[in-house]
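**Student:** Taken in sequence, the protein lines are chains F and P. Note that the working numbering numbers the first sequence so that position 47 is 47, with each residue one more than the last. All you need for the working numbering is the position in the second sequence, starting with 1, plus 1000.
Source of the hints: derived by calculation from the structure; they are not laboratory data. Backbone N, C-alpha and C define an ideal beta-carbon position, used for all residues, glycine too. Among the clues, some could well be false.
Derived list of chain F stretches under chain P, where covered just means 3 residues or more per stretch with a C-beta under 8 angstroms from a C-beta of chain P [what the hints assert, rightly or not]:
| no. | stretch |
| --- | --- |
| 1 | 74-87 |
| 2 | 92-98 |
| 3 | 120-133 |
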Amino acid sequence: MLREEELKTFVDGTTRYFEVAAQQPATIGSPYLLEGETAMHDYTGMINVSGKREGVVYFTAPRAMLTVLLMKMQESDFSHESMRDLVGEVANTISGNARRDFGHDFVISVPSVFAGEKPQISQPPGARAFVIPIHWRSHSAKLVVSLT
Amino acid sequence: MSSGNPLERRPVKLLIVDDSNIVRRRIERSQQFDDLQVVGTAANGLEALELARRTDPDLVTMDLTMPQMDGIECITQLVKLKPAVRILVISALADKATAVEAMERGANGFLNKPFSDRQLNEAITELMY
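Based on the sequences and whatever the hints tell you, model everything.
**Tutor:** Structure representation (structure tokens):
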């Protein structure tokens, strides 16, 4: 089961992503335990985790935030496909970086992306899901980590 | 790439491999070398091998987590196909064992995502200049 101290890996990964990719740090809110279902934003990028740990990591963000993030990355393509690409890449980067602490057996999938639909997220029995709130400029997003 | 006479220098052919369009464009846009010529971009290992056959790249930037054929398998096949190619892995996978495995398969450098323009250009310089 995911321990609260292990959340630091994902908090640090999220912080690093915004600092480097967007060149503007995000503020990370206090993580909280998810009870029931979390509200999804417009776009969600999800990574399935297998190996030593099982579960999912997903990043969900509103279109407005992703648009500004793309602009900060010097992108000029703000299409639906770019939004999908970006949420998948954010989820992939934060999850991949987690291997620095979780090791080689923390196996991550390629991203699945959901837009305007409720993702089918199956959490393994015994997993606890934590929500990490992300505030960047005037926008808010979430990283959800649910691992055995 | 070093050469005795700058006038004889030919472009360094770059193939960019990543399943994200955004990352592919980012690498293309961020590299700051006048003599780097992007000869192709690929979204997975299979596409990369096909493009490598056709374009004979000098340098390949290689993602690892990709559909159809991942980067580790692609590196293994690419070095058999083009033994002289230089491969810079650009991946989110941040554990040491992955970097070691990529290097053992034939990669020449490893850059973690997310990366800055400066880090990208330093990594390319280290490999090619």
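**Student:** Does each hint fit the structure? Answer for all of them.
**Tutor:** Verification of the supplied hints:
1. 74-87: Since 7 is at least three, the answer is holds.
2. 92-98: holds (count 7)
3. 120-133: violated (count 0)
The structure is inconsistent with hint 3 alone, although it conforms to all the rest.
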